[in-house]
Structure formats: C-alpha cells, structure tokens
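Chains as they are written, first to last, in our numbering: chain S, 1 to 111; chain P, 1 to 114.
Worth double-checking, as some hints may not be accurate.
The list that follows gives simulated cross-link-like pairs (lysine-lysine, DSS-like), each with its CA atoms no further than 27 Å apart [stated by the list, open to error]:
hint : chain 1 : residue 1 : chain 2 : residue 2
1    : P       : Lys53     : P       : Lys18
2    : P       : Lys3      : S       : Lys68
3    : P       : Lys70     : P       : Lys18
4    : S       : Lys49     : P       : Lys3
In short, the hints are calculated from the structure, not lab data.
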Amino acid sequence: GNSVTQMEGPVTLSEEAFLTINCTYTATGYPSLFWYVQYPGEGLQLLLKATKADDKGSNKGFEATYRKETTSFHLEKGSVQVSDSAVYFCALPYNTDKLIFGTGTRLQVFP
Amino acid sequence: DVKVTQSSRYLVKRTGEKVFLECVQDMDHENMFWYRQDPGLGLRLIYFSYDVKMKEKGDIPEGYSVSREKKERFSLILESASTNQTSMYLCASSLTTALYQPQHFGDGTRLSIL
C-alpha cells in the first residue's frame with residue numbers, strides 16, 4: 001500500500017539559511033503529493049501540492065518537485081525566516097478519499 | 001476561504017465520561033475526517049464520512065464513534081473516555097476525492113482525560 005517517509009527533526013537553522021526536508025513515498029500509480037504546514041497552536045494548512053510527475057509545487061518561497069525516478073518530494077526553501085518555524089508534513093492519498101501523512105518534521109529558525 | 005471550526009480548543013474530562021467533539025465546515029464539502037495527532041506518530045485517521053449518515057472506520061477507530069446528521073457537521077464521540085485518549089484531535093474536510101483536492105483542517109482540540 002501507499003506509504004510516506006520523511007526525515008526526522010528537529011531541523012534547526014539560522015535565518016536566511018537553505019532548507020531541505022526530505023520526503024520519499026511508496027505508491028501505486030502516480031497520485032498527487034502534498035506538503036502541509038502546522039504553525040504552533042494551529043491545525044494543518046496546505047502549503048503546496050503537485051499532481052503529476054515532474055510537477056513543481058510552490059508557495060511562500062517553498063518548492064517541491066514530484067520526482068518519480070527517486071519517488072521523492074523534497075521540500076526546499078532558499079532563505080528561511082523565523083516565521084517559517086513550524087511542523088511540516090508530507091502526505092499522499094490512499095484508498096481514494098484518504099490521506100496518509102508522514103510523522104512530521106519540526107523546523108526551528110533562529111535569528 | 002474554507003472554514004473548519006472545532007467547538008473547543010482545550011477540553012478536560014474524566015475517565016469514563018462520554019465526550020463529544022464537534023466540527024463544522026462551511027464549504028459544502030462531501031468528505032469529513034477525524035484524526036488524532038500524537039508526538040512521533042503523526043496524524044492517524046480515526047473515522048471519516050463521505051456523505052450524510054455515511055461513515056467509514058479509519059486506522060484507529062476503537063473506543064470512538066461518529067455522527068453525521070447534517071452535511072456541515074461531523075461529531076466525534078468517545079463512548080467512555082480513557083487516559084490513553086489524551087491527544088490532539090483534528091477535524092478536516094475535503095471536496096470529493098483526495099486525489100486532487102486537499103483537506104482543510106480546523107485548529108484542533110487538545111483533549112486531556114484525567
């Protein structure tokens with residue numbers, strides 16, 4: 001069945017550093033892939049998505065490319081800010097209507 | 001913008017109590033979901049509903065039930081609360097299938113069972 005694995009955190013960075021959070025998946029076919037973000041005290045928000053192979057999703061300076069060769073959907077940002085401190089979840093669909101989430105990666109950005 | 005509203009941000013209940021968590025969405029979405037979120041385990045699906053009065057078990061339904069009498073409202077019920085049900089509970093909704101439509105989440109209810 002479908003599964004998703006993402007790197008454990010916390011990831012600790014200084015402001016303006018480059019960010020990569022790894023996500024790999026196992027899936028039947030080529031489902032859409034999602035990154036969600038959870039800011040402190042809030043629920044999850046969709047950050048970006050990609051619906052087919054080689055698609056690049058982007059939002060708020062974050063990017064992720066759907067790579068079927070390596071079954072990966074790594075999240076990147078060129079210059080992080082303190083306000084990006086949050087927990088990031090990689091997700092993909094399974095059984096049509098449901099999503100399976102990674103365990104989450106906490107990002108802490110210091111000034 | 002989609003709004004998913006959970007009735008309580010924080011809730012404290014006692015072991016053995018029957019607990020109701022309420023969720024309302026304002027975008028006429030067919031699908032609604034209840035998850036629990038625990039450190040190191042990510043999000044786990046408890047139940048979901050794809051239409052009024054329709055429900056399906058998720059990955060961890062034991063000790064929980066749900067009710068969907070109206071399209072916009074999805075309730076999670078802890079029949080007899082136990083301490084291992086202390087957790088963050090998240091409600092979500094989506095339009096039709098998840099293949100292309102994202103899920104929209106409420107802010108969560110942090111439930112403590114004493």
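Starting from lysine 70 of chain P, check that the Cα of lysine 18 of chain P is at most 27 Å away, please. Since the Cα atoms of lysine 70 of chain P and lysine 18 of chain P sit roughly 21 Å apart, the hinted pair holds (cutoff 27 Å).
Hint check: lysine 53 of chain P vs lysine 18 of chain P, CA-CA at most 27 Å. Holds or violated? Holds - the C-alpha atoms of lysine 18 of chain P and lysine 53 of chain P are around 21 Å apart, at most 27 Å.
For the pair supplied as a hint, lysine 3 of chain P and lysine 68 of chain S, is the alpha-carbon distance within the 27 Å limit? Violated, at about 33 Å.
Between lysine 49 of chain S and lysine 3 of chain P, does the CA-CA distance stay at or below 27 Å? Status holds; Cα separation ~20 Å.
In this structure, the one hint that does not hold is number 2.
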